[in-house]
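Enquirer: Protein chains in written order, with the working numbering: chain A, 1 to 519; chain B, 1 to 151.
Heads up, a few of these hints could be off.
Reference listing, derived: stretches of chain A covered by chain B, where coverage requires no fewer than 3 residues with Cβ under 8 Å from a Cβ of chain B [unchecked claim]:
1) 289-301
2) 425-434
Here are the simulated distance ranges between beta carbons [said to hold, decoys possible]:
3) B:Pro-11 to A:Asp-177: 28 to 38 Å
4) B:Met-1 to A:His-241: 29 to 39 Å
5) A:Asp-485 to B:Pro-11: 42 to 52 Å
6) B:Met-1 to A:Gly-448: 26 to 36 Å
7) B:Tyr-9 to A:His-241: 13 to 23 Å
Hints listed in this document are in silico derivations from the structure and should not be mistaken for laboratory results.
This structure is a prediction, so every number in the text was calculated from the model and none was measured.
By construction, the Cβ of each residue, glycine as well, lies at the ideal position given by its N, Cα and C atoms.
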Amino acid sequence: MKFYRSHILLGMSETSIEAGAKKIELALKSELSKRNLQDEIDVLETGPLGFFAKGVCLKVYPENVLYENVTVEDIPELVEEHFLKGRPVKRLLATTTRVEAYDFNYKERNVLENSGIIDPEDIEEYIGVGGYEAWEKALLKMKPEEIIAEVKESGLRGRGGAGFPTGLKWSFTAPIDSPEKHLVINADEGEPGTFKDRLIMEGDPHKLLEGMMIACRAFGANKGFIYIRGEYKLCIERLKHAINQCRSYGILGQDIFGSGFNLDFDIKVGAGAYVCGEETALIESLEGNRGNPRFKPPFPGVKGLWQTPTVVNNVETIANVPTIINKGAEWYKSLGVNGATGTKVYTLMGDVAMPGLTEVPMGITLRDIINKYGGGMLRGKKFKGALVGGAAGVILSDKLLDVKMDYESLKEYTAVLGSGAIMVMGEEVDMVEMLWSILRFFRHESCGKCFPCRLGTQQLYNIICKIRDGEGKEEDLESMILLSDAMVKSSFCALGQSPYMPIKSSILNFRNDFLKRIK
Amino acid sequence: MYQEIFKKYEPTKDNLIYILHDIQDNHPQQYITEEAVLSVSKYLNVPINHIYGVITFYGMFSMKARGKNIIRLCESPPCYLKGCDNIYRKLKEELNIKQNETTEDGLFTLELCACLGVCGNAPVMMINNDIYGDLTEEKVVKIIKDIKGEK
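So that you can see chain A by itself, here it is in the shape it has in the complex (with noise of 0.2 Å):
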């Protein structure tokens, strides 16, 4: 193995390859040979750093510097200046705060602990921190019962939205005697405003088969499914090259690693349906049908992928699993508060300073995600409101900045975590508009297997329209909330269930806007 005097880390994701990083990671190389620097200086593709709208950045290492927003022009003087001199081009670098930030960012990570440090698309580099060593260790050292329990007593949730106990769901499907178990994840993100899972998947693919092989031996697996959505083109990729080295190295396959377990997992692609983030609906998806949602009882868990038993779980729910197993239970219950244990990754967008992702314990309040990680709001705009988990979500007020965010917290004040998706709004920002753009949404993604939805959604949107036009009146508001409350108690799923929690919140907090439009 060679060894370098410094390697220079380029986030490599489906926005810094259009803002030109293939072509400044060819200029950095060749740059690098013309001054002989290709034996002492290495150039890694990395996954997402962890924050946007900054152009092309690169992490140089071991001196921790990060520049952002380089170009090709940038490159001769950035090698000849860092890397032949040693003196860090100071017109390139990321601005204090925003370094600071990221690497307080590091110290809580567990999802993402190597997203942006190791190359996701070599399996050798994974391994190299750790990876691998909780299958091995649930796999030879574990009974499935012991994983099981494990993962109960740590306390992870679904972070898909609903916060389902994994452990609990788990234990449904184990006992069930059946010749073929399966294990699907969920990795048709469509909620507006939740980008989490394709950052989990682009930055660190194999953390996600872990704990997906974890889960497979504890209720008895021998079959996974990656059900992705068909927009998430170089997910796809990765996954499918991250699968293929696994069997390759015989961590899938036949007879692992000794133990008499199979495994192999597959993916498949969605085609673009909201809905299909319903885990009977993506059932039906799998299984080459219209993705509507099937009725609830049978439970997916005891009849669901070609009535076979079938666990639905979270990209990022499952990517907790390997770290629970590696630390145990205690050291993850240690992190959060309430009931809520562990780390949640947020996506932060809107108008603060840095829109990106982050991962931090559950417990922390709106106001520190925005200020400590997001970098306060954009060009020192007044906060208005947030919409809290896409959506299906809750537009918060700024009464509310300071509720710590873990499910039952946020329950006393009727909103929900949801996918972590936190879209800040300044405060020129117009709620009318913005709950017509959520009505918008339901109505063009409902699916229409069931009446209430189907018509429901349409209705709202006349309803919004009407106000946003100046020709609605007040009682208008209060049939909005009824409407949707009778949706949330008819509907065939979610889906339906879903607009009466940003009516209902964007009305009580924001009634003066809606009042605006009407008198």
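Following the hints, put chain B in place on chain A, whose structure we already have.
Expert: Chain B only, in chain A's frame:
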């Protein structure tokens, strides 16, 4: 003519969506013809109405001929907050087409879509497999011009 594609998949219904993806991606006008539906129906032994139902359910499939470059502009709340409606207006003006239409030269089709998961860079669009973020009206005009230049 679809035998090359069929060879890659077992004739079971759960492969329907992947076969349709493959057929659509390989058609120069990026759509699924009636003839293709018939062949798939025979190969999988699945009724035509089922296949039609699947195609019309999913947003990524089309049974109408489309352009060489499919523009999918996100219209979900995070992109709306960042002004995707202005981008949409500019695109319509620049290409002189409406939603789901194709330009006369067959180069572009304009579609609206739900969240693409790149909200940190809103407003965002996808052209075929590539993502374009932090869009402004000027940037959109340049992107269109660049693609026209390449042809």
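Enquirer: Quick check: does the Cβ-Cβ distance between Met-1 (chain B) and Gly-448 (chain A) fall within 26 to 36 Å?
Expert: holds (34 Å)
Enquirer: Check the following: the C-beta atoms of Asp-485 (chain A) and Pro-11 (chain B) are separated by a distance inside 42 to 52 Å.
Expert: holds (47 Å)
Enquirer: Hint says 28 to 38 Å; check whether the CB-CB distance for Pro-11 (chain B) and Asp-177 (chain A) agrees.
Expert: holds (31 Å)
Enquirer: Would you check chain B against the stretch 289-301 of chain A, counting CB to CB pairs closer than 8 Å, and say if three or more residues qualify?
Expert: holds (count 3)
Enquirer: Tell me if the beta carbons of Tyr-9 (chain B) and His-241 (chain A) are separated by a distance inside 13 to 23 Å.
Expert: Roughly 20 Å apart at Cβ, these two residues keep to the hinted range, so it holds.
Enquirer: Does the Cβ distance between Met-1 (chain B) and His-241 (chain A) fall inside 29 to 39 Å?
Expert: Holds - the Cβ-Cβ distance for Met-1 (chain B) and His-241 (chain A), about 30 Å, lies within 29 to 39 Å.
Enquirer: Per the coverage rule (Cβ-Cβ under 8 Å, at least three residues), is the stretch 425-434 of chain A covered by chain B?
Expert: holds (count 4)
The structure fails none of the hints (numbered hints given earlier).
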